[in-house]
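Engineer: Residue numbers (this note's numbering), protein chains in the order written: chain A, 3 to 246; chain C, 103 to 322; chain X, -1 to 222.
Worth flagging that the hints you see were computed from the coordinates, not collected in a lab.
Note that this is a predicted model, so its numbers are computed, not measured.
Glycine included, every Cβ here is placed at the ideal spot set by N, Cα and C.
Do not take every clue at face value.
Said to hold, decoys possible - Listed next, the in silico DSS-like pairs over lysine-lysine satisfying Cα-Cα at most 27 Å (straight line): (1) K111(A) to K51(X); (2) K111(A) to K45(X); (3) K45(X) to K116(A); (4) K133(X) to K51(X); (5) K117(A) to K181(A); (6) K211(X) to K117(A); (7) K70(A) to K211(X); (8) K211(X) to K133(X); (9) K116(X) to K111(A); (10) K70(A) to K45(X); (11) K78(A) to K51(X); (12) K212(X) to K133(X); (13) K134(X) to K45(X); (14) K211(X) to K79(A); (15) K200(X) to K70(A); (16) K78(A) to K200(X); (17) K79(A) to K133(X); (18) K70(A) to K116(X).
As the list claims (entries may be wrong) - Here are a few chain A residues that face chain X, going by a calculated C-beta distance under 8 Å: (19) L16; (20) V18; (21) R69; (22) R77; (23) M154.
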Amino acid sequence: MIEIDKLCKNFGDLEVLKGIDLTIRPGEVMSILGGSGSGKSTLLRCINGLEEITSGKIIVDGLDVSRKSELREVRKKCSMVFQQFDLYPHLTVSENITLAPISVLDLEKSEAEKKAEELLESVGLTDRSHYYPAQLSGGQKQRVGICRALAMSPDYLLLDEVTSSLDPEMTAEVLDILKKLAGQGITMISVTHEIEFAREISDRIVFLDDGKILNDLPTSEFFDENGGLSDPRIAKFLSKMSGR
Amino acid sequence: MLDLSSMSEHMPAFIDGFIITAEVSIISILGSFLIGLVFALMRVSDNHIFRTISYWYVDLFRNIPFIVLIFFAYYGLPEVGVYIDAFWTGCLTLSVAVGAYAAETIRAGILNVDKGIIEAAKSFGFSKLKIYRKIILPIALTTSVRPLGSVFINLILTTSILSAITLGELTGASKIIASTTFRPFEVYVFLVFFYGILTFALSGVIAIWHRHLNKYNEAN
Amino acid sequence: MYGEQGFTAYDFVLWAEGLGVSVGIFLASSVFGLAIGILIGLTRYYKVPVLGKLLMMISEFLKNSPVLVQLFLVYFGIPALLEIDITPIQAAIITLTGNTAAFGAVIVISSVEAIDTKQLEAARSFAMDEWLILKKIIYPQSVAIAIPLVVGLAINQLQVTSLISVIGVVDLTRVGDIVNQRTFEPFIVWPIIGGTYFILAKLLGLLGARLEKKFSAYRYQAGI
Ligand SMILES: Nc1ncnc2c1ncn2[C@@H]1O[C@H](COP(=O)(O)OP(=O)(O)OP(=O)(O)O)[C@@H](O)[C@H]1O
Ligand SMILES: [Mg+2]
C-alpha cells in the first residue's frame, strides 16, 4: 500500500504539489490525469524518491521514502517506466534489463538473463536481446523499458506518459502490453493523456489540477455526467484531450 | 615571500618584450592565415596534386614539435644562404607551422557550408571563382572565427618558444629579469598571469566578434 | 673551428637515449596527468565545494599560459621560493603532469556531461547507488566519448615534451641540439629528430584508433 499524506513539493519559490492525500491499495490500477504542469510527473517522481519532498509523508508498505536507508527498499518495490524510455545506450537490450536485477537484487546472471528472455518474449521482442537501443524503434524501446521495470519484480509500476513520445501505431502496441499487465494484478499508477486507455484499464482516476487533487473517483463515476464530468474543469480537459 | 615591488623597476624591459611578442604575433597571425587559406583551398580543390601536397603539409606540421621546427629554421636557413634574424625566423616558422592548423580549421569551415546554398549559386550561373569569393569563403570564415581564434591564441602562447633562439620577447625578457632580480618565482607567476589574462581577454573579444558576425543564423 | 666533426656511431646511441627520455617522461606525465585530471573532473562533477572551483581555476591558467613559462616557474621559481633543489627531470614531470591534468580535466568533464542524465535517473529509480552508476553507466559511456579526445591530447602532449630540452633535460630535442652544434648539419639532424616525433605521433594515432574501436562498440553497432 502507498500512503501519501499532505505531500507538498516546491521548486524554489514555485509550489508544484500543494498538499496531496492519496492512498493506493495493492492490486489497484490508478490513472492520474491533469493538465500540463499540474504536477503529475512530480508526484510520481516523489513516490520513487527522485524528488526530495518539501513536506508531508510518503509511506510505501511501511517504508518512509524520505529516509535514505528505506528509500533503497522502496525503489526495489517501485519500478518506473519513462516517457523518453531512458535506456542505457551502451548496453544491449538484455543488459539493460538485467543490470539492476544482477547488481541490486543479486540475481544470478543466468537467472536474470532467462527472466529477461521471458519478459522480452511476452512483449514480442524475442530475437532482439542482443540489439542496442539505437537499433530499435520507439515502440520497441518502450517495450524494453517496460521489461526493464518488470525485471525487478516490482510490487508497484509507475508509468509516466509512456506513450507520449510514440506515434499512434507504436502507441497501440505499447498500450496493448499495459492492458495485459493491468489484468494480471500488478499495482499500476499511470500518468497518461490517453483518456480511452485510462478508462479501459483503470479502477480509479485521480485528477490533478494546479498541484491539488480535484477529483478522486472510481473510473465509471469519473466519466459519469453526474460524477467527474459535472466539474467544468474536468469536462473541459476531457473535451480538449479527445479533440486532439 | 612573494614580492612584486622589486619587479616594478623592470617594467620597461617587460614592456619591450611585450611589444616584440605583439609584433611577432600580429605578423605571424596574418602569415599563418594566408598560408592556411591557400592550403585549405588546395585541399578542397579538384586537383589531385594540390590535395596531396596540402594533406602532407598539414599532417607534417601538426605532428612535429614547434621547437624542432624553429631550431631547423634557425640553423638551417643560413646554410642555404638565407640570412634573417631571430625575429623574422620566428615569424616565418610560426606562419608556416600554425598555417597547418589554420588550414585545417578553414577547411572544416568550407566543408560545413550548406550544399544547398552552393547549388543555388551554381544554378544562377556564377563562375566557380565567384562562388568561392562571394559565397563559400565569406560563410566559411564567419563561422570559423571562434575556432580560428583558438588557433591564433595558441600561436601567441607559442611565441614564448622563440626565447629559445635568443629572441627577447615576453618570455625571453622575463628570463633576464628573473636572473637579475633573483626573484624567478615572482617573475614567472606574474608572467603566467599575464599570458593568462591576455588570452582570456582575447578569447572574450573573439567570442563577441563571432556572435556578432553569426547573428544572422542565430535561429539555428 | 671546433665543430665539423661528422657523425659517429655514438650519435645513434645518443638518439636512442634521447628517445627513451622523451617517451619515458611523456608516459609518466600522461599517466599521472590523466589520473589527476580525472580526480579534478570528478570533484567538479560531484560539485565538491571550494576544491572543485579552485582546481578548475588553476587549470584555466595552466591551459592559458605557455608551457615553457610553466617549466621555468617550476624549475627556477619553486626552488628559489621554497629553497629546495629540483632536477630538470623532476621539473619536467611536475610541469607536464600539471598541464596534462588541466586539459584532461576538461575532457573528463565534457565527456561525463555528454551523457544523458535522464538515464542516470532511471538507474537511480532502480535502486542503483551512485558508485554502481559511476561504474556501470557513466564510466563506460564517458570513456567511449573521451578516447578520441585523449588521443588528441596525447599527440599534443608528446610534442609539448620537446620543451623540456630548454631546461636541460637531454631528451630527443636536446640530443638534436647537441649533435647539431657539433656537426653543423641541420639538414640531417633536424629532419631525423622531427621525423622521429612524427612517427611517434603516428604510432600514438594508430594505438588510439584501436582503443577507440574497442571502447565504442555500441556506436558502431548503432551506425551513428
Ligand atoms: N526540476 C524542476 N525544477 C523546477 N521546476 C520544475 C522542475 N520539475 C518540474 N517543474 C515545474 O513543476 C511544474 C509541474 O511539473 P510536472 O512535470 O510535474 O508537470 P506535469 O503535470 O507532469 O506536466 P506534463 O503533462 O507537461 O508532463 C511545472 O510548472 C514545471 O515547470
Ligand atoms: Mg509530466
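Engineer: Run every hint past the structure and note whether it holds.
Structural biologist: Cross-check of the supplied hints:
| no. | hint | verdict |
| --- | --- | --- |
| 1 | K111(A) to K51(X) | violated, 42 Å |
| 2 | K111(A) to K45(X) | violated, 35 Å |
| 3 | K45(X) to K116(A) | violated, 40 Å |
| 4 | K133(X) to K51(X) | holds, 24 Å |
| 5 | K117(A) to K181(A) | holds, 21 Å |
| 6 | K211(X) to K117(A) | violated, 31 Å |
| 7 | K70(A) to K211(X) | violated, 40 Å |
| 8 | K211(X) to K133(X) | holds, 20 Å |
| 9 | K116(X) to K111(A) | holds, 26 Å |
| 10 | K70(A) to K45(X) | holds, 20 Å |
| 11 | K78(A) to K51(X) | violated, 36 Å |
| 12 | K212(X) to K133(X) | holds, 18 Å |
| 13 | K134(X) to K45(X) | holds, 21 Å |
| 14 | K211(X) to K79(A) | violated, 39 Å |
| 15 | K200(X) to K70(A) | violated, 51 Å |
| 16 | K78(A) to K200(X) | violated, 50 Å |
| 17 | K79(A) to K133(X) | holds, 23 Å |
| 18 | K70(A) to K116(X) | holds, 21 Å |
| 19 | L16 | violated, 20 Å |
| 20 | V18 | violated, 17 Å |
| 21 | R69 | violated, 14 Å |
| 22 | R77 | holds, 4 Å |
| 23 | M154 | holds, 6 Å |
Going down the numbered hints, you'll see the structure goes against 1, 2, 3, 6, 7, 11, 14, 15, 16, 19, 20, 21, while the others check out.
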